[in-house]
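Student: Single-letter residue listing:
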Amino acid sequence: MKAPVLADGDVAADVVIVGAGVVGAMIADQLAGEGQSVVMLDSGPRIDRGQVVENWRNMPIKSRAGSDYQGLYPQSPFAPAPLYFPPNNYIALSGPDGQSYAQDYIRAVGGTTWHWAASCWRHLPVDFRMKSTYGVGRDWPISYDDLEPYYCRAEEEMGVSGPHDAVLQSPSRRSRPYPSDMVPWGYSDTRFAEVVDPFGYNCVPIPQARMVQPWNGRPACCGNNNCMPVCPIGAMYNAVHHIQRVEAKGVLVLADSVVYRIDTDANNRVTAIHWYDADRRTHKATGRAFIIACNGIETPHLLLMAANQMNPAGIANSSDQVGRNMMDHSGFHCTFLADEPLWFGRGPEQTSCMVGFRDGAFRSEYSANKMILYNITRAIPATQQALKMGLAGQALDDEIRRRVAFGVDISISLEPLPDPNNRLTLSKTRRDALGLACPDIYYELGPYVHKGYDAACDQLRHIGKLFNATEFDITTKLNANNHLMGGTIMGSDPKDSVVDGNCRAHDHANLWLPGGGPMPSSSVVNSTLSMAALALKSADSIASILRKS
Amino acid sequence: MATRICLGPVKETRDEFGPLETALLAPPMAAAAPHPNARRGAATTRRHIVVGISAALGFFSFGRLSSAAGQVQPAAPRIVPPPEAEFLALSRALTGHHDLNARTAGRMWAAFGRTDATLFADFPALVHLRRHGQTAPELLRSAQTAGLGDAALAVVTAWYTGTVGTGAKVEVVAYADALMYWPTRDAMPPPSYVLGGPAWWVEPPPPLRVSSPPRSAVSAP
Chain C
1 MKAPVLADGD VAADVVIVGA GVVGAMIADQ LAGEGQSVVM LDSGPRIDRG QVVENWRNMP
61 IKSRAGSDYQ GLYPQSPFAP APLYFPPNNY IALSGPDGQS YAQDYIRAVG GTTWHWAASC
121 WRHLPVDFRM KSTYGVGRDW PISYDDLEPY YCRAEEEMGV SGPHDAVLQS PSRRSRPYPS
181 DMVPWGYSDT RFAEVVDPFG YNCVPIPQAR MVQPWNGRPA CCGNNNCMPV CPIGAMYNAV
241 HHIQRVEAKG VLVLADSVVY RIDTDANNRV TAIHWYDADR RTHKATGRAF IIACNGIETP
301 HLLLMAANQM NPAGIANSSD QVGRNMMDHS GFHCTFLADE PLWFGRGPEQ TSCMVGFRDG
361 AFRSEYSANK MILYNITRAI PATQQALKMG LAGQALDDEI RRRVAFGVDI SISLEPLPDP
421 NNRLTLSKTR RDALGLACPD IYYELGPYVH KGYDAACDQL RHIGKLFNAT EFDITTKLNA
481 NNHLMGGTIM GSDPKDSVVD GNCRAHDHAN LWLPGGGPMP SSSVVNSTLS MAALALKSAD
541 SIASILRKS
Chain X
1 MATRICLGPV KETRDEFGPL ETALLAPPMA AAAPHPNARR GAATTRRHIV VGISAALGFF
61 SFGRLSSAAG QVQPAAPRIV PPPEAEFLAL SRALTGHHDL NARTAGRMWA AFGRTDATLF
121 ADFPALVHLR RHGQTAPELL RSAQTAGLGD AALAVVTAWY TGTVGTGAKV EVVAYADALM
181 YWPTRDAMPP PSYVLGGPAW WVEPPPPLRV SSPPRSAVSA P
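Protein chains in written order, with the working numbering: chain C, 1 to 549; chain X, 1 to 221.
For the record, the hints were derived by calculation from the structure and aren't laboratory data. For every residue, glycine included, the Cβ atom is placed at its ideal position computed from N, Cα and C. There's no promise every hint is true.
[As the list claims (entries may be wrong)] Quick look at which bits of chain C chain X covers, simulated, 3 or more residues with Cβ under 8 angstroms:
{"id": "1", "segment": "218-231"}
{"id": "2", "segment": "247-253"}
{"id": "3", "segment": "344-356"}
{"id": "4", "segment": "403-417"}
{"id": "5", "segment": "491-498"}
[Stated by the list, open to error] Calculated pairs, DSSO-like style, for lysine-lysine (alpha carbon to alpha carbon, straight line, at most 30 angstroms):
{"id": "6", "chain 1": "C", "residue 1": "Lys477", "chain 2": "C", "residue 2": "Lys548"}
{"id": "7", "chain 1": "C", "residue 1": "Lys62", "chain 2": "C", "residue 2": "Lys388"}
{"id": "8", "chain 1": "C", "residue 1": "Lys62", "chain 2": "C", "residue 2": "Lys477"}
{"id": "9", "chain 1": "C", "residue 1": "Lys465", "chain 2": "X", "residue 2": "Lys169"}
{"id": "10", "chain 1": "C", "residue 1": "Lys548", "chain 2": "X", "residue 2": "Lys169"}
{"id": "11", "chain 1": "C", "residue 1": "Lys2", "chain 2": "C", "residue 2": "Lys388"}
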């Protein structure tokens with residue numbers, strides 16, 4: 001391939017990609033493979049896996065019990081991401097459900113695939129047609145069948161294990177098999193499914209980007225039970241796997257490079273982006289095609305920040321939809337002690353999920369749900385509960401063992417609808433260390449989600465009865481799930497959407513904004529595989545245009 | 001790409017020895033190698049470091065110790081500095097675990113000294129409550145009767161969670177060795193460690209060996 005050209009700290013390439021996460025890395029890989037010169041810029045540092053593992057082990061129990069998946073990752077002083085132990089208030093949240101949008105994400109090379117759990121779900125075909133089918137939300141301008149080949153390619157790129165048995169697939173409409181059969185279930189998954197499946201809860205294996213055998217230079221999963229906040233052995237897919245591959249192909253990857261300005265010409269084509277380096281010096285990258293793939297928060301944040309004379313409301317924002325329709329799967333947890341030992345906590349952190357209420361006619365009135373059987377060891381909560389009982393010696397050890405063996409933690413995801421009022425804007429008062437405006441986000445979940453919560457609670461109480469549960473508890477505050485969607489929404493009408501079906505900006509013929517931001521519906525499943533599929537679809541569209549020009 | 005095979009920690013955990021911790025080092029514990037596959041090589045390295053530092057300081061006499069694997073270790077440091085040395089014995093009595101790691105005890109003692117002067121001041125009195133043949137719950141009750149319950153529970157909590165102190169004054173003294181992972185170490189690894197090879201979790205879980213949760217006085221769905 002051609003190499004990017006460096007001169008005086010500036011760079012010229014065919015393709016300029018902002019954001020070195022899963023979306024940017026897959027696009028870089030495809031386009032470098034086509035012979036294009038590619039430069040990638042990421043706002044954050046490169047991460048040393050071993051150091052992050054040690055940082056996690058050295059975090060106090062309160063942080064680990066509170067799932068502090070942010071604090072162990074080094075941050076650039078010029079590229080903050082949210083921290084909660086203690087809060088750094090990088091994003092100001094407001095609105096009735098603002099605290100339900102307290103997101104985790106990583107600004108570093110590799111992005112948030114450092115601390116995901118590698119769930120690789122597809123949307124259902126009907127999720128693309130929510131307005132037509134259920135009269136709520138929006139339709140996508142593309143169909144499931146348009147995206148299906150890219151779902152296959154994304155699964156192949158990330159090395160996904162998923163059930164070969166169609167009965168266990170959600171959805172089962174697929175043109176190619178998973179690269180590897182499902183990650184095998186342990187006793188907990190098998191037994192739980194036996195109890196709940198006769199009642200329609202439909203426990204299925206979670207498709208996930210890890211395998212139980214070595215794959216493509218990646219080791220086999222050894223069930224270290226630490227996917228979040230970091231896989232200690234690199235068995236879980238991480239965008240750094242693609243980054244390493246693209247660097248070998250000649251792609252230039254610049255860390256600690258904070259993009260803040262976007263230049264456009266008289267035809268509103270993007271001509272250059274500008275960034276600050278780690279020494280706060282400013283540089284420029286010019287190119288033919290530009291991709292902004294930061295994440296569902298940082299991409300709209302940058303587009304608004306980069307407003308220029310021709311685009312006074314922000315880049316790609318003639319529709320006024322940039323930063324609107326912010327979505328995430330609203331989550332909550334149900335915990336109890338079963339009347340038989342189930343022994344969750346053996347193997348990777350997420351292996352099975354109830355999808356019995358992923359879809360149904362009820363979606364015209366309230367949210368669908370999925371219910372993940374959390375397979376994270378219960379040792380910490382079990383110990384905290386047992387210590388509160390004032391036990392010591394053998395009685396304390398027995399109580400911990402009992403609570404781990406009988407303990408169940410279900411993580412439920414609900415589906416918010418796109419609502420333009422749920423909006424990211426630039427702070428008028430808060431600035432980061434570079435003097436750039438920090439994001440503000442207003443968030444309100446309407447009755448659609450809250451009614452969905454009530455319906456899920458009824459289902460959970462029933463599940464609790466099936467296990468003769470004790471210490472049954474359902475959390476009442478909705479938590480964030482870090483699945484950032486909606487802020488650069490996709491549509492066929494440039495008046496009410498930001499990008500088209502290839503994630504190309506309506507306003508700029510050579511700018512693509514792939515990832516979670518374009519997704520017009522969130523479904524109830526983790527967004528990464530859909531983001532990766534959209535990335536590959538964008539890559540095809542970019543390659544086709546570059547070939548012609 | 002990381003292609004490391006998972007046979008233990010990627011790197012050794014914190015291994016800095018402050019002067020106080022070094023002074024408190026007692027014989028390396030025979031049964032302290034806690035987790036399958038974890039830290040065996042590193043323990044030897046540490047021992048060498050300990051011997052080196054301690055020899056330089058001239059704190060100890062050499063003895064012969066058996067390791068968990070039954071191997072004879074060449075040398076081990078011995079020190080007898082009361083009352084700190086009593087902290088290990090107190091910890092063993094309060095937890096009922098007689099194989100606690102002396103080095104961890106040294107770290108913990110020092111961490112309490114830095115993070116909570118009030119609790120720390122109670123430890124000498126707590127040490128004196130210890131009686132031969134006493135069970136852990138008996139010692140805990142005795143401490144509570146003597147107004148030392150908070151100090152006793154703090155020691156138990158530190159051993160189980162590996163953490164001393166709270167808020168800004170917090171220190172981590174153990175991870176995989178934290179006692180909270182021991183009751184289930186036959187069933188699952190401390191997170192980030194490993195219990196078996198690929199797909200080990202498809203094997204049946206171990207025997208339960210504890211009773212079921214009580215059915216009374218708890219909330220049902």
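Student: Do at least three Cβ atoms from the segment 218-231 of chain C come closer than 8 angstroms to Cβ atoms of chain X?
Tutor: holds (count 10)
Student: Would you check the hint for Lys465 (chain C) and Lys169 (chain X), treating anything up to 30 angstroms between C-alpha atoms as holding?
Tutor: violated (43 angstroms)
Student: For Lys62 (chain C) and Lys477 (chain C), compute the direct alpha-carbon distance and say whether it is at most 30 angstroms.
Tutor: Measuring from Cα to Cα gives roughly 19 angstroms; hence the hint holds.
Student: Would you mind confirming whether the straight-line C-alpha gap from Lys62 (chain C) to Lys388 (chain C) stays at or under 30 angstroms?
Tutor: With a Cα-Cα distance of about 15 angstroms, the restraint between Lys62 (chain C) and Lys388 (chain C) holds, given a limit of 30 angstroms.
Student: Taking 8 angstroms as the C-beta cutoff, is the stated coverage of the segment 491-498 of chain C by chain X satisfied by three or more residues?
Tutor: violated (count 0)
Student: Quickly compare the C-alpha distance for Lys2 (chain C) and Lys388 (chain C) to 30 angstroms and report which way the hint goes.
Tutor: Not satisfied, since the Cα-Cα distance of roughly 63 angstroms exceeds 30 angstroms.
Student: For the pair supplied as a hint, Lys477 (chain C) and Lys548 (chain C), is the alpha-carbon distance within the 30 angstroms limit?
Tutor: violated (52 angstroms)
Student: Are three or more residues of the segment 247-253 of chain C within 8 angstroms, CB to CB, of chain X?
Tutor: Answer violated; 0 residues pass the 8 angstroms Cβ test.
Student: Establish whether the coverage given for the segment 403-417 of chain C by chain X is satisfied; the threshold is a Cβ-Cβ distance below 8 angstroms, and no fewer than three residues must meet it.
Tutor: Coverage by chain X holds for the segment 403-417 of chain C (4 residues, Cβ < 8 angstroms).
Student: Next pair to validate is Lys548 (chain C) with Lys169 (chain X); report whether the Cα-Cα distance is within 30 angstroms.
Tutor: violated (62 angstroms)
Student: With a C-beta cutoff of 8 angstroms, work out whether three or more residues of the segment 344-356 of chain C approach chain X closely enough for the coverage to hold.
Tutor: Check passed, 3 qualifying residues.
When each numbered hint is compared with the structure, violations occur for hints 2, 5, 6, 9, 10 and 11.
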